[in-house]
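Trainee: Residues per chain, in single letters:
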Amino acid sequence: NAGVTQTPKFQVLKTGQSMTLQCAQDMNHEYMSWYRQDPGMGLRLIHYSVGAGITDQGEVPNGYNVSRSTTEDFPLRLLSAAPSQTSVYFCASSYSAGTEIEAFFGQGTRLTVV
Amino acid sequence: KNQVEQSPQSLIILEGKNCTLQCNYTVSPFSNLRWYKQDTGRGPVSLTIMTFSENTKSNGRYTATLDADTKQSSLHITASQLSDSASYICVVSAGTGGYNKLIFGAGTRLAVHP
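First to last, the protein sequences are chains A and B.
Under our numbering, think of the first position of the first sequence as -9, with each following residue one higher.
Under our numbering, think of the first position of the second sequence as 620, with each following residue one higher.
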């Protein structure tokens, strides 16, 4: 089973460039989310989606856009990359039912902005 | 403000020894608490979940405890193995239903040496 698949695994961008981080899940999960992980800090929520066509902002949404046109895919777009966006990005998905929801994570995208 | 704090930040132990990782949280309303294991270069993977009514839960050599009164949890690893070298992240779910927000600790980085 593929689970949550993120591409690319590594990326280097120049300041001002734009790019899209891809995330796909094959578990038919309704919930999907994007996090960034910085040294010495817990994962922080960027954007999340509770279903196709529905997205909302998380804790650190500035500089990022998302869309959810299908249940499977949840791409994250960096509009104009800045060095402060250098981080490791994780996509996660989970079921919507119940309170004991387990988030399944992709392997991460390590992004460096120079 | 919802917060999850973990200690120690890092820990080195010898193979075969036991260790205990700590997690303190101030999250309301509390839904559940999970411990995740994150290997280097990989996404977090759930080890165990603790709900409000549970005090202790084991998963092989991993035993988690929860004291809902003091808002503390611990993860005890018995007879450590080299493969236990990883970051261990305490994640508290906040909410009463719908999309529960996940609050992440910064993690404890464990190194098991031969």
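There's no promise every hint is true.
Cross-link-like lysine to any residue pairs, in silico, SDA-like; alpha carbons within 25 Å at most [to be verified]: (1) B:Lys636 x B:Thr675; (2) B:Lys620 x A:Glu49; (3) B:Lys620 x B:Thr697; (4) B:Lys720 x B:Leu666; (5) B:Lys690 x A:Asn55; (6) B:Lys720 x A:Tyr21; (7) B:Lys620 x A:Lys(-1); (8) B:Lys720 x A:Asn55; (9) B:Lys720 x A:Val104; (10) B:Lys636 x B:Asn674; (11) B:Lys620 x A:Glu92; (12) A:Lys(-1) x B:Ser665.
Here's a subset of chain B near chain A, in silico, CB distances under 10 Å, partners left out [as the list claims (entries may be wrong)]: (13) Arg653; (14) Ile668; (15) Gly679; (16) Tyr681; (17) Gly726; (18) Val731.
If you're looking for bench data, these hints aren't it; they were derived computationally from the structure.
Yeah, the Cβ is synthetic: ideal placement off N, Cα and C, and Gly gets one too.
Trainee: Now tell me if each hint is right for this structure.
Mentor: Verification of the hints:
1. B:Lys636 x B:Thr675: 21 Å, holds
2. B:Lys620 x A:Glu49: Within the cut-off at roughly 12 Å; holds.
3. B:Lys620 x B:Thr697: Violated. Lysine 620 (chain B) to threonine 697 (chain B) sits at ~34 Å, over the 25 Å cutoff.
4. B:Lys720 x B:Leu666: 19 Å, holds
5. B:Lys690 x A:Asn55: Measuring from Cα to Cα gives roughly 35 Å; hence the hint is violated.
6. B:Lys720 x A:Tyr21: Since the Cα atoms of lysine 720 (chain B) and tyrosine 21 (chain A) sit roughly 11 Å apart, the hinted pair holds (cutoff 25 Å).
7. B:Lys620 x A:Lys(-1): With a Cα-Cα distance of about 33 Å, the restraint between lysine 620 (chain B) and lysine -1 (chain A) is violated, given a limit of 25 Å.
8. B:Lys720 x A:Asn55: 19 Å, holds
9. B:Lys720 x A:Val104: 32 Å, violated
10. B:Lys636 x B:Asn674: 24 Å, holds
11. B:Lys620 x A:Glu92: 23 Å, holds
12. A:Lys(-1) x B:Ser665: 21 Å, holds
13. Arg653: This interface hint holds because 7 Å falls under the 10 Å limit.
14. Ile668: Holds - the Cβ of isoleucine 668 (chain B) comes within 10 Å of chain A, reaching about 6 Å at its closest.
15. Gly679: Hint violated; glycine 679 (chain B) Cβ to chain A Cβ min 17 Å, cut 10 Å.
16. Tyr681: Hint on tyrosine 681 (chain B): violated, closest Cβ of chain A at ~16 Å, above 10 Å.
17. Gly726: 7 Å, holds
18. Val731: Given a least distance of 21 Å, the restraint on valine 731 (chain B) is violated.
Hints 3, 5, 7, 9, 15, 16, 18 from the list above are not met by this structure, while the remaining hints are.
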